[in-house]
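Enquirer: What follows is each chain in one-letter form.
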Amino acid sequence: MVKLLKSKGMKMSNLLSLYKLSKSVYRESILYSQLESSGSNYTKLLERIGKNPKIISSQPKVMKFLTSFYIIFLTIIPVRAITSINSILHNNFPSHTQIPQQWIVLIGSILNSSFLLLELFVLIIFSIMMTWGLFSPQIYSWPQTLPLRKKDIEKLSLLTFIRGINVQLLFMILVLPLGIAIGIFINITLYSPKTTFLLIFVSLIISIITSFFNLGVVVFISKKMSILMEEKEDNSKRSSIIKAIITLLYLISSMTLMYFIQIAIDKIPNFFTKVLLSSEQSLLFNNILSFIPFPFSGGYLITILATNHSLYFSPITILGSIIGLFLFTILTYILLKYSVSILLKTSRTKSSFKKEKEKENLQETSVQVNVTSPLKAFIKRDLSIISRDLQLIMVFVMPIIIPIFAIITDIEDNVLLNEYGLTASFISIIFYVALTTYMIITGITNIESGGETITSSIPIKTRDQIKSKLPYFFSTILLAYLIWNLFFINSELFPKMITFSLIYLPAIPLAGISGFFFKIFLFGKLKYKYVVEEIKTEHRLAKHFVSFLFVLIVLLLYIGLSFLGYWALGIGEIVYSILLIFVFNYMFPK
Amino acid sequence: MVTDDNISYSDYSIDEKYTVKATNLVKRFGNLIAVNNLTFKVRKGEIFGLLGPNGAGKTTTVKMILGLLEPDEGEIKVFDLHPEKDEIEVKKRVGYVSEEPLIYRSMTARQLFNFVGSLRNLDPEETSQKLYSLLESFEALPYYDKLIATLSRGNKQKMQVIASLIHDPDLLIMDEPLTGLDAKSAKVLKEILEMHKEKGGSVILSTHILEIAEELCDRIAIIDHGRLIALGTVEELSHLANKVGADLEDIFLRLTNQDESVDKIVEKLRKSMKNGKIVKK
Numbered sequence: 001m002v003k004l005l006k007s008k009g010m011k012m013s014n015l016l017s018l019y020k021l022s023k024s025v026y027r028e029s030i031l032y033s034q035l036e037s038s039g040s041n042y043t044k045l046l047e048r049i050g051k052n053p054k055i056i057s058s059q060p061k062v063m064k065f066l067t068s069f070y071i072i073f074l075t076i077i078p079v080r081a082i083t084s085i086n087s088i089l090h091n092n093f094p095s096h097t098q099i100p101q102q103w104i105v106l107i108g109s110i111l112n113s114s115f116l117l118l119e120l121f122v123l124i125i126f127s128i129m130m131t132w133g134l135f136s137p138q139i140y141s142w143p144q145t146l147p148l149r150k151k152d153i154e155k156l157s158l159l160t161f162i163r164g165i166n167v168q169l170l171f172m173i174l175v176l177p178l179g180i181a182i183g184i185f186i187n188i189t190l191y192s193p194k195t196t197f198l199l200i201f202v203s204l205i206i207s208i209i210t211s212f213f214n215l216g217v218v219v220f221i222s223k224k225m226s227i228l229m230e231e232k233e234d235n236s237k238r239s240s241i242i243k244a245i246i247t248l249l250y251l252i253s254s255m256t257l258m259y260f261i262q263i264a265i266d267k268i269p270n271f272f273t274k275v276l277l278s279s280e281q282s283l284l285f286n287n288i289l290s291f292i293p294f295p296f297s298g299g300y301l302i303t304i305l306a307t308n309h310s311l312y313f314s315p316i317t318i319l320g321s322i323i324g325l326f327l328f329t330i331l332t333y334i335l336l337k338y339s340v341s342i343l344l345k346t347s348r349t350k351s352s353f354k355k356e357k358e359k360e361n362l363q364e365t366s367v368q369v370n371v372t373s374p375l376k377a378f379i380k381r382d383l384s385i386i387s388r389d390l391q392l393i394m395v396f397v398m399p400i401i402i403p404i405f406a407i408i409t410d411i412e413d414n415v416l417l418n419e420y421g422l423t424a425s426f427i428s429i430i431f432y433v434a435l436t437t438y439m440i441i442t443g444i445t446n447i448e449s450g451g452e453t454i455t456s457s458i459p460i461k462t463r464d465q466i467k468s469k470l471p472y473f474f475s476t477i478l479l480a481y482l483i484w485n486l487f488f489i490n491s492e493l494f495p496k497m498i499t500f501s502l503i504y505l506p507a508i509p510l511a512g513i514s515g516f517f518f519k520i521f522l523f524g525k526l527k528y529k530y531v532v533e534e535i536k537t538e539h540r541l542a543k544h545f546v547s548f549l550f551v552l553i554v555l556l557l558y559i560g561l562s563f564l565g566y567w568a569l570g571i572g573e574i575v576y577s578i579l580l581i582f583v584f585n586y587m588f589p590k
Numbered sequence: 001m002v003t004d005d006n007i008s009y010s011d012y013s014i015d016e017k018y019t020v021k022a023t024n025l026v027k028r029f030g031n032l033i034a035v036n037n038l039t040f041k042v043r044k045g046e047i048f049g050l051l052g053p054n055g056a057g058k059t060t061t062v063k064m065i066l067g068l069l070e071p072d073e074g075e076i077k078v079f080d081l082h083p084e085k086d087e088i089e090v091k092k093r094v095g096y097v098s099e100e101p102l103i104y105r106s107m108t109a110r111q112l113f114n115f116v117g118s119l120r121n122l123d124p125e126e127t128s129q130k131l132y133s134l135l136e137s138f139e140a141l142p143y144y145d146k147l148i149a150t151l152s153r154g155n156k157q158k159m160q161v162i163a164s165l166i167h168d169p170d171l172l173i174m175d176e177p178l179t180g181l182d183a184k185s186a187k188v189l190k191e192i193l194e195m196h197k198e199k200g201g202s203v204i205l206s207t208h209i210l211e212i213a214e215e216l217c218d219r220i221a222i223i224d225h226g227r228l229i230a231l232g233t234v235e236e237l238s239h240l241a242n243k244v245g246a247d248l249e250d251i252f253l254r255l256t257n258q259d260e261s262v263d264k265i266v267e268k269l270r271k272s273m274k275n276g277k278i279v280k281k
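So the sequence lines, in the order shown, correspond to chains A and B.
When you line the first sequence up against my numbering, it's residues 1 to 590, in that order.
When you line the second sequence up against my numbering, it's residues 1 to 281, in that order.
It is worth saying that the hints were derived from the structure and are not from the lab.
Wrong hints could be hidden among the right ones.
20 Å max Cα-Cα, derived PhoX-like pairs, lysine-lysine [unchecked claim]:
#: 1; chain 1: B; residue 1: 44; chain 2: A; residue 2: 527
#: 2; chain 1: A; residue 1: 590; chain 2: B; residue 2: 184
#: 3; chain 1: A; residue 1: 461; chain 2: B; residue 2: 17
Covered by chain B, per the in silico footprint, the following chain A stretches (three or more residues, Cβ under 8 Å) [as the list claims (entries may be wrong)]:
#: 4; stretch: 80-90
#: 5; stretch: 367-375
#: 6; stretch: 573-586
Examples of chain A residues lying across from chain B (beta carbon under 8 Å, computed) [stated by the list, open to error]:
#: 7; residue: 145
#: 8; residue: 149
#: 9; residue: 379
#: 10; residue: 382
#: 11; residue: 383
#: 12; residue: 388
#: 13; residue: 391
#: 14; residue: 457
Quick caveat, the model's predicted, so the values are computed rather than measured.
No residue lacks a Cβ here, since even glycine has one placed at the ideal position from N, Cα and C.
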């Protein structure tokens, strides 16, 4: 930075120099967003960054890669849509005389439009967490002390955003025309050079407009997200819950979207053959949808150009898509102008993070220390921390969601039709339960490292710490283990599934608690006692892996025992419970 | 007399009442020897300074006193107890302020003190009164219901200082306690330390701010590269450094062999600066 300033003779007016400078600001914003969303991992994250500062930049790199990968992956949608239409019309399979032309137009256009829409969702999902930090005025406080003009600092915030999204933007612009080119190449005989050029050119124009529109939307959402994440002044439970719900919805919708994209891509040809509307109804939809600027006008225009040699398009549909695209261009221009003004203002905006001095506390503060038992104090503290820590909330929510997704996949793939499929699916659930149980174990041990100063000087008994965590630990893993049964309530499989689940039910908390103890054994063994915190951090990854394996092995051993007979399983559970009580008393004495 | 590397220190007898007794402490982190054969004692009713440059081993020593780190060699006793073995008993009588206020960011100060009070099993009425008086003294009452994450560095520091005092500990271990505090709060804390000492309590004050050590500490241990360089009162240290009448800064630089390097740096700076402007080559 200093070199850069010197090299420019302390004048930083040209864009290139500012773009170079934006690297530091971008890095600062990433660190800021990482720390702000780290919750109970705050100290650990700082420690990790101290040891390896590359962590700061590796996360945005991964996100850029993931976004680009998904955008490329999404191109399968328009490519398959076009090739499917060509296959239906030219190979006559299935007989296209049974499929109304307007239905083909409708589905083809919806698929092409969905590509444009999903591109936006992918960008939001993978970029927001990296870009909201850019909207915090705090990250510009240092550049403001440098000899830079106000206008340069404003430009800096714009350039920093572009730096954060440069690779994604490039992919968004190029992927659609390239995908279309591939689609044409597959059916090269159907396209004249003139049509080929026109199609690629128009898709490039649509791609550019859509990319800038997406950029505008991301700026808008990032700004809102930034305000939300910074509003710490209001520390009420209500505001914490709202934040948690929004993050939760964000994560669930991301997962659901990614999941359905994969399912939908597999089934593209089926959408054409399952005719749901008549030709007239489809035409009406085509005429209406083509006028909608985003995402339909672009989608319709691509379909028209890609298939006009073999499909009939009504003049209204053609006119609608052109007018729609024109409106979309105007809309994008307005949104982009607004986004640029938001970005330029970012460095000038005062942080919504109000310093405590700003608000005078006029009321008399009542100071009353409420003393409870250590066990209750730990539970209260844990719940208080979890309710305000988004990462921890996710640690407890994800274990419930992941098995549900697993079982939906199995239902979708018709895995559960026979006894063998049922067993295989159950074992996969066991694997997910092991994985998520370990996620919770790691999450609850992280709570302990958040308040090092306080806990390190307080007479804490590890036994109390462990006991306080058991109620919510057990309830979460048992809920995660049982919840997927709800999908079978109306099914004839339900009695079998619920019996299966109940037979192995005691094994879940037993495996969970033994994994918890094993992790403490590996990470928290001191000379005279065991502690919940991760003290022995050498070979960290290997220790985590071994602890997870331990949970999995215990669960698999139970399944193995059940093959000998349920009596063996029952005896195994009783013996293991006694052993665990002994281990608990040995490791964590009264 | 305690000796290390042929340097003689203080004159208290081995039988004298002490709070902390560290003997030949060694702590290694991989190849790095953070604490190397460290021996010292902290008396009842004294403020004991741990002085040293950054990375000298002060915090590691403090963590061993608290039982948070196990010494690889040597022994440490606090109130004649083993801080790792008798951890609960030791911690009941210790108050600790760390260099970085690593307190729960997602809790309000009220929740934090409820938590501390519960785990220390304190009397609610007595503790409430004491807490009120401490919060008032540090002008921290307006922040009692604020989320700790929203507090400034100084106010976080006040909260952790208060948390270390509410149970009336016999030994206060304070690692850079004045960091971030305004002048008034710093003065209040210094007075609290003096009062604590007058009551017969001990304080271990780890700092690299020499003026504070000189002002507050009865005896000072100078640590560098994990080794004890010198131990004694400011006067004793000045004799040891052959700098009678000098301030602690000069004594410290001499004893840690940094005085010559500082002179060289200053000389170099003088050469590179002319009329207050940096001269380009």
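Enquirer: Taking the hints in turn, state whether each one holds.
Expert: Here is what the structure says about each hint:
1. B:44 - A:527: Given that 20 Å is the threshold and the Cα spacing comes to 28 Å, the pair is violated.
2. A:590 - B:184: Outside the cut-off at roughly 44 Å; violated.
3. A:461 - B:17: violated (29 Å)
4. 80-90: Answer violated; 0 residues pass the 8 Å Cβ test.
5. 367-375: holds (count 8)
6. 573-586: violated (count 0)
7. 145: Residue 145 of chain A check fails; min Cβ-Cβ to chain B is 18 Å, beyond 8 Å.
8. 149: The hint is violated - residue 149 of chain A has no Cβ within 8 Å of chain B, the shortest such distance being about 23 Å.
9. 379: violated (11 Å)
10. 382: Cβ of residue 382 of chain A sits 10 Å from chain B, so the hint is violated.
11. 383: Hint on residue 383 of chain A: violated, closest Cβ of chain B at ~10 Å, above 8 Å.
12. 388: This interface hint holds because 4 Å falls under the 8 Å limit.
13. 391: Interface hint status for residue 391 of chain A: violated (11 Å vs cutoff 8 Å).
14. 457: holds (3 Å)
Checked against the numbered hints above, the structure breaks hints 1, 2, 3, 4, 6, 7, 8, 9, 10, 11 and 13 and satisfies the rest.
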